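A.B. asks: Chain by chain, the residues run as shown.
There are 2 protein chains.
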Amino acid sequence: MTEKHINAAVRDFLANGDTASIATALAALHPADIASALGDFTPAELARVLEALPVPMQARVFGYLPADMQGAVAELYERDALAALLAAMSHDERADVFNALSRKTRDAVLPALAQADREDLRKLASYEEGTAGSVMTSDYATVTPELTSVEAIERLRREAPNTETIYDSYVINEARQVVGVVSLRDLITAPDDRTVAEIMKTSVITARADESKEEAARRLATYDLLALPVINGGDALVGIITADDAMDVQAEAATEDFYRSGAVQGPHMGGHRGDMPGAAAITSMKKASIWMLYRMRVFWLVLLVFGNIFSGEGIAYFEDTIMAYVALVFFLPLLIDSGGNAGSQAATLMVRGLAIGDVRMRDWGSMLGREVFVAGLLGVTMAVAVSVIGLYRGGPEVALVVSMSMVIIVLVGSLIGMSLPFILSRFKLDPAAASAPLITSIADAAGVIIYFSIATAMLDIPAPA
Amino acid sequence: MTEKHINAAVRDFLANGDTASIATALAALHPADIASALGDFTPAELARVLEALPVPMQARVFGYLPADMQGAVAELYERDALAALLAAMSHDERADVFNALSRKTRDAVLPALAQADREDLRKLASYEEGTAGSVMTSDYATVTPELTSVEAIERLRREAPNTETIYDSYVINEARQVVGVVSLRDLITAPDDRTVAEIMKTSVITARADESKEEAARRLATYDLLALPVINGGDALVGIITADDAMDVQAEAATEDFYRSGAVQGPHMGGHRGDMPGAAAITSMKKASIWMLYRMRVFWLVLLVFGNIFSGEGIAYFEDTIMAYVALVFFLPLLIDSGGNAGSQAATLMVRGLAIGDVRMRDWGSMLGREVFVAGLLGVTMAVAVSVIGLYRGGPEVALVVSMSMVIIVLVGSLIGMSLPFILSRFKLDPAAASAPLITSIADAAGVIIYFSIATAMLDIPAPA
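Taken in order, these protein sequences are the chains called A and B.
Counting from 88, one number per residue, gives the positions in the first sequence under the working numbering.
Counting from 88, one number per residue, gives the positions in the second sequence under the working numbering.
Only chain A is shown next, with the shape it has when bound in the complex (with noise of 0.2 Å):
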């Protein structure tokens, strides 16, 4: 069945209150399929077709749901039905959507949990949006060190229903202090009566809970772990942050520099579960409403109309060349759309390198320097480009000032593009808004400076008043 059957089939099981065949035809199909197959159902169908599921399986499908769908959904279930489903789901995800209920909905279904969930939800819930602590999950298994592989291996199996993974275990100590992490792997093919701490690995690489969220997951793509354990302050193990989620968390950061870098503003874009608490994360473009399309784009572009103000003050204060010399303007928007376009790519190359870590800010005065060379060399190619047309165009003086101005707009827009993404980041703001509109916008001005000065001078006209 293509996703279009299946939604066809629960729209018309779901007119004649067919709830049977509901659970009936979506039993075999994995959660994710069913999220995304009624991608387009509202939130009180959805809440319809969900309560004709078993609880395990609601609360799988739940977890692929975008983050502002799950929150309306769980407003719409009746309060032991939402307890229910908040104790079936695994703890990561039973936080965000806790947190994404209203104020009144949650006071209400607490008293419906039991005393470890509603203890847990607290401590989950506390931590900072975009924290390593916000992501995590509190089901995670542990041992101690004198247990012995046969032992610890019975731990796990009695454990393993209730937590997200099992293959990686971390040896914690009486103050839950991490002491070894020891897989499943090396348990099942360890001797019977080696204990853990014969078998464990001491170096254990860990994220603090108040870390970035983006620096967590990279750390465990780094190491190409399983799951990362989280500590707090104490160094006391607090929750775990597992590969799926952390993929989740590298996806949603490469669309957020993606938008900034094309001057477009991310509504806090999600994965397939929102892990933003309370943040109205929006999943697809194809669903965004025009309003909100609106919104993310309108900011920079009215933004940027007032700072090529810049470049209009530039050109009106070189009116007299212009009228001198007409035949400048035809090269007026092939020399500062250069200097931008050298701009935009030097600072495409900065925002990445900073957002992987390859870059770091005391990196900048040796970028400077490789900079000022690479735009030297595109410049004077750049150069020779445009002497051709500027020859054709103007004649040999129009060509020497054109490529004159060209070697110097691609060095300033080079250098701007480069420094800004450092500069952003200085003042602890995101270097991916040194978008290519930002640095056109700014290379602009330069330009048109630049080369009416050059022109001013080379040409014998009268300098501006």
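Everything labelled a hint here was simulated from the structure, so no lab data went into it.
Remember, identical chains collapse to one label, so a pair may be satisfied in a single copy or spanning two.
In the SDA-like style, the derived pairs of lysine to any residue whose C-alpha atoms are separated by at most 25 Å in a straight line are:
id, residue 1, residue 2
1, K191, D204
2, K288, I93
3, K288, R245
4, K288, H92
5, K374, G444
6, K373, R449
7, K374, L511
8, K515, T342
9, K288, L313
10, K288, A323
11, K288, R272
12, K373, G126
13, K373, D127
14, K374, Y164
15, K288, E241
16, K373, T342
17, K288, R244
18, K288, V142
19, K288, T250
20, K210, P143
21, K91, A159
22, K210, A174
23, K91, T293
24, K91, M448
25, K288, S123
26, K210, T293
27, K288, T111
28, K91, E138
29, K210, A323
Remember, predicted model here, so these are calculated numbers, not experimental data.
Go by the hints and put chain B onto chain A.
C.D. replies: Using the frame of chain A, we list chain B on its own:
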């Protein structure tokens, strides 16, 4: 020890020829950290360091070296040492190294390998770059349906040292077709006498060896899998893609898209391991040569210089209009930039939507309809902003011309930006090549014509001959 200290210490030991101390100093470190700390070593230095380490450690560090470095270092190994190294590496990484070797070295080392390893290398090397087959590994665990859970665990225990992951085992029939998947978790929690056939899940999500690696990685992420089995045309299991490799594929694709959106040509950027056979992958902006950076940038810049001739021609055509109303030039950068900016935004949203599979080719029509609304709203907002500047700079007539031009330019720019990724995709080109600089150049030419046409019509200027 920080990376800097490790680097300095290893350099000292190398200078003194003290290879024993190298092995001791690096013994407790994670191979990823060793590879990173020695990032500025020459291939010859790296080869000497690696040969001081035990072979299994050599193999692990090797997996974290950039692809071009892997090839360069491997070329410096003695034939037998290289054979030992290849035998100890994971199958996918070893295939990458093998592919990076010169034909001469390949021919020399092949006879020194075991028959099974030779065949495996030939098989993995035969998949085309960019396919799921090119990133899969052949060390996976299989079981058969009739085994009991105890027998299956015993089998995994024996195979464990030779497989990348034993946490998901694929259940195959005599034709090596995948009939199910069983997790180690389910095996250890099942009663001893249950058979694999009773425990396994029969709906298995797979990838085909010839589909794109990005699609396969996305599928693994969508379904939160630890590994994705890869099948050939006859549905037989030929390999698996592990989650850590899928993360690398995702990160690499995000980088490529990001670069293209900034009109930078990706030099086949790799993750920490090069999975593109033979490609000269660079892994770091910091380590890229000036010549490499020049080549990544020069193509688009020069192309766009020639692309901008159209804007210049447009201006030349309207020379009389400009002479009559030189104040119009003030608004030129502002107006043409606005069209380019709106277009860049629209392209950014579409490129990302197409890359993550949210938007498909068939959605072009409905997207176009919505873009008209969104761009119209944006154009009106920006026209209001620019009319203020227009009034101040040129009076009510100019303000009207500039405002009207703004609405149309933003609309046209947005539609170009939104459609270009679809058009590129239609012609089997990468939609991410619809970069901000490219759209700026196209939108500029359109903007020049729209602006001066409106000005000529409304300001009572004789139309160009």
